[in-house]
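*Asks:* For the record, the sequence lines run as chains A and B.
Residue numbering for the first sequence follows our numbering, starting at 14 and increasing by one per position.
Residue numbering for the second sequence follows our numbering, starting at 2 and increasing by one per position.
In case anyone wonders, no lab produced these hints; they're calculated from the structure.
C-beta: ideal position from N, C-alpha, C; glycine also.
Below, a sample of chain B positions facing chain A; criterion: calculated Cβ distance under 8 Å:
1. Lys622
2. Asn623
3. Asn626
4. Phe627
5. Asn630
6. Phe631
7. Leu634
8. Met660
9. Lys667
Facing chain B, from chain A, some residues (calculated, C-beta under 10 Å):
10. Val27
11. Gln33
12. Lys123
13. Pro124
14. Phe127
Derived DEER-like restraints, expressed as beta-carbon distance ranges:
15. Arg135/A / Asp649/B: 33 to 41 Å
16. Arg135/A / Asn677/B: 35 to 43 Å
17. Thr66/A / Val669/B: 38 to 46 Å
18. Ile658/B / Ala60/A: 36 to 44 Å
19. Gly663/B / Asn94/A: 33 to 41 Å
20. Tyr769/B / Leu137/A: 50 to 58 Å
21. Arg32/A / Ser780/B: 57 to 65 Å
22. Arg135/A / Ile646/B: 26 to 34 Å
23. Asp649/B / Asn94/A: 41 to 49 Å
24. Arg135/A / Tyr769/B: 49 to 57 Å
25. Arg32/A / Asp649/B: 21 to 29 Å
The residues making up each chain are set out below.
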Amino acid sequence: MTVSILVVDDEVDVADLFRQQFRREVRGGQYAIHFAVSGEDALAKLADGIEPTLIVILSDINMPGMDGVSLLGEIKQRFPNFPVMMVTAYGDDERRRRASDLGACEFLTKPVDFDLLKEQLRQLPDVADS
Amino acid sequence: MRRGYPAGDNPATRPLIAGERVSHIVNMAEADFSKVFSHAPTKDEGHQTLLCVPLRRENALLGMIACARSEVRAFSEKEIALLESFAAQAVIAMENARLVTETREALDQQTATAEVLGVINSSPANLAPVFDAMLERAVRLCEADTGHLFRFENGAFFRLASRGVSEDFDELFPPELPVPMDPNSTPARMIATRSVVHVHDVREDASFTVHRTRDEVAAVEAGILTVLFVPLIKESEVVGHFTMHRTEVRPFTEKQISLLQNFAQQAVIAMENARLITETREALDQQTATAEVLGVINSSPGDLAPVFEVMVERAANLCEADEAAVRTFDGVSLHLATTHGTDPTALERLRRLGATRLEGLYGPFARGDDIVHYVDARDTDAYRTHEVGRQRIDARGIRSWLAVALRKEGSLLGIINVHRREVRPFSEKQIALLENFAAQAVIAMDNARLLDEIRQRQAELRVTFDNMGDGVVMFDHELRLAAWNKNFQEILGLPDELLEQRKTYSEYLHILGERGEFGPGDVEEELNRRLTHAHEELRFERARPNGQILEVRRNAVAGGGFVLIYSDITERKRSEEEIRAARDAAEKALTELQAAQSSLVQAQKMAALGQLTAGIAHEIKNPLNFVNNFASLSTELLDELKEAIVEDKRDEIDETIEMLTGNLDKIVEHGQRADNIVKSMLEHSRGVSGERRAVNLNALIDEALNLAYHGARAQDASFNVTLDRNYAADLAPIELAPQEMTRVFLNLFGNGFYAVDKRAKANGDRAYRPTLRVATRESGAGIEVRVRDNGTGIPAEIRDKLFQPFFTSKPTGEGTGLGLSISYDIVTQQHGGTIEVASEEGAYTEFTIRLPRYNGLSPGGRGAA
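When you get a sec, could you build the whole thing from the sequences and use the hints?
*Replies:* Below, the structure is given as structure tokens:
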């Protein structure tokens with residue numbers, strides 16, 4: 014079963030990064046990588062519908078326009094069952110707490126440890142089911 | 002029986018007067034007695050023969066012895082001789098009696114004179130008893146029924162004494178009542194002739210019968226018949242007279258007249274003596290009183306009470322007053338100061354009444370009078386109309402009242418007054434005396450005032466002297482201790498006993514020297530040094546053995562001597578030391594502060610940087626993440642490439658190489674991005690080390706412009722821009738930090754180039770010509786530089802964020818957001834200038850920098866960043 018991962022980041026190179034890191038999983042049909050350059054872009058893509066529908070969202074926090082925390086709030090309102098992982102260079106507890114309060118299931122620190130991310134993604138269905 | 006009859010018309014006595022031996026009328030019927038008797042004596046008495054034998058002494062007929070017979074029969078010779086013998090014996094007896102009488106009269110007169118003189122001597126000033134004694138003897142010796150003594154003055158008579166008058170005479174004719182002289186009266190005659198007037202029988206005198214003046218009428222009514230006036234003459238002037246009256250017609254004898262004249266002379270002498278004595282004694286009394294008052298003034302200077310006391314006591318005595326008082330005047334009311342003769346109850350009441358207005362009896366003083374004299378206080382308007390005044394006058398029985406103002410230069414200081422409980426005016430002398438006292442009182446009050454002022458001043462000076470912070474000591478012209486204040490004594494610790502000995506300056510210095518005041522050096526030498534130039538001004542400081550520091554000043558005094566002033570400056574010195582230390586510390590702190598300031602500016606920048614670290618971290622971490630991730634991916638891709646080469650999977654090999662190439666580009670790109678961020682950060686945090694100097698701003702700008710242009714061309718060969726240089730030709734040099742300003746201009750030009758390049762690349766319009774215009778011109782006290790590009794412009798909403806650190810409108814990686822922030826600091830903080838921006842989106846951006854020629858800010862003193 015293929016899981017869609019929506020990566021939200023204002024840095025376009027992040028898309029290449031994820032595609033290369035997940036190239037084997039994508040080739041194996043485990044994950045499909047989707048990309049949005051802003052919070053607004055992400056909400057629009059989610060509203061349009063992303064296939065396959067089991068979606069995990071990874072969002073940067075520091076973005077022009079709608080930032081990651083606002084996006085988290087919006088997603089949790091509209092799609093409360095989609096797991097959202099926050100990614101940021103800021104490793105401070107305050108942001109982690111706010112993200113957690115809003116329903117983020119994970120908090121990743123840049124640079125992203127892809128092995129850890131993949132492990133967490135594997136455990137997600139359990140989390141989503143629970 | 003004593004009735005006499007004329008002898009000449011008598012036939013019996015005529016022969017005796019003619020000097021006959023006897024008068025022998027044998028037959029009286031034949032003689033003519035018609036002039037003697039109304040009828041013939043022979044018929045009445047039966048006298049027929051008359052014999053008269055004369056009583057003769059030294060041929061003077063003294064009398065006769067007459068014998069008569071009732072028959073006509075002549076007396077015999079024997080009988081005649083017998084009668085003659087009797088006559089001779091009678092003459093002897095008469096002579097004897099005369100001699101005895103004359104002796105006794107003379108003795109009486111002499112005795113009277115002596116007695117009068119005795120009275121005069123015993124009461125030389127008081128004439129009343131003298132006049133009484135004189136008149137008593139005059140009336141007795143003149144055998145008068147009544148007698149008076151008058152004083153004559155200013156055309157009127159004043160009765161001095163009377164004898165033989167009724168008890169109510171004084172009431173009918175009061176002694177003090179002047180009796181004007183009637184020019185037709187007998188006394189007027191006496192005064193005109195200055196001689197005795199003797200009226201034997203008033204019934205035959207014109208004054209009494211024709212003019213019938215009042216006195217004469219009164220005299221006649223009183224039954225007076227014989228009157229004698231004897232004038233009292235002093236220096237040819239009639240000053241009075243004796244009057245003797247008899248109620249019978251009997252002239253006064255020559256002896257009596259001369260006795261009266263004698264008395265008159267004595268009376269004149271007594272009056273004169275009395276006047277002289279009175280005058281002398283009055284003068285003496287007044288002088289004594291004045292002297293006493295002066296004595297009191299001198300002995301109690303400044304104290305008015307004893308002066309007033311002696312004054313009222315003397316005033317009451319010498320003015321023969323019952324009471325005397327002094328009141329002071331405060332400009333509004335009179336205040337009782339001292340009284341004399343006032344009984345304690347009245348005094349208590351007076352004191353209780355308190356102040357008195359200038360009303361009632363005192364009224365005239367309010368109108369400026371100096372002397373007020375009421376013969377009778379009850380006969381005044383004050384008594385009649387002033388209720389309080391009347392009560393006082395009645396309560397104290399005031400009748401004759403005299404008061405004198407105490408005035409100084411016209412202003413009323415007080416009033417001295419005396420009064421009597423009887424109506425008896427005060428004499429001129431008494432008024433003068435009170436005036437004299439008033440003058441003395443004014444002097445005493447003035448003295449008291451001056452003395453009080455002097456004492457006050459002295460006390461003030463003393464207080465000032467003693468309260469002076471400095472110790473002050475004065476040495477007189479003999480260089481002997483003359484005066485000192487408390488602080489002097491305290492500072493130098495000198496006991497009273499020592500100071501009271503009035504040591505000389507030399508002794509004083511020796512005492513100080515022996516106490517070690519002048520330190521361990523040679524005391525004598527030190528003393529010599531000070532004494533040699535004792536009269537010169539001196540000022541030095543010396544430390545005492547107890548650590549106290551004294552400043553000693555010596556100032557000469559006019560007239561010799563000098564003043565030494567000791568100031569305890571220990572505290573001041575300590576304060577000065579503390580101040581100096583504090584100042585040194587402050588200066589050091591300032592230096593440190595100034596040194597710290599530049600680093601503080603830096604530190605503050607760093608602090609600001611620290612706050613922004615999180616934001617910066619994101620910016621730096623992002624490229625680093627890419628570098629790391631793409632590098633690590635590339636390693637994996639290389640492994641996959643090797644496998645693909647071994648397996649010779651052509652498509653896979655190409656795809657992997659393409660990915661690797663893309664990754665390497667990304668690594669380089671993100672590496673440079675991180676590098677730029679770090680460079681910008683360093684640039685912003687680096688200390689501004691620009692040295693200021695006068696530069697040609699046009700040249701500086703042109704250099705920066707070229708640098709920026711070539712830099713941009715080197716980065717992008719396709720970049721092109723038209724440079725419009727518009728420099729003011731005569732721009733004077735300006736002092737600034739060239740390196741820093743160069744950075745500002747590089748930044749502005751770089752921004753301009755970016756804006757026009759961006760517009761050029763976004764705009765397909767081939768007609769667009771990117772232009773950067775730079776203009777300079779003199780502006781006020783400085784230079785204005787405008788940098789204008791026709792690029793994309795700046796949206797209005799971000800224009801005010803333009804100069805904030807880390808704000809940038811450029812896409813990520815193209816700007817640090819610090820360029821304009823640093824430029825702003827350099828222009829405003831370092832150069833005291835301004836930087837403004839004007840822009841229109843899609844049209845232009847223009848920065849205007851204004852730099853003052855002198856900004857007053859030193860490189861080290863610029864404000865916080």
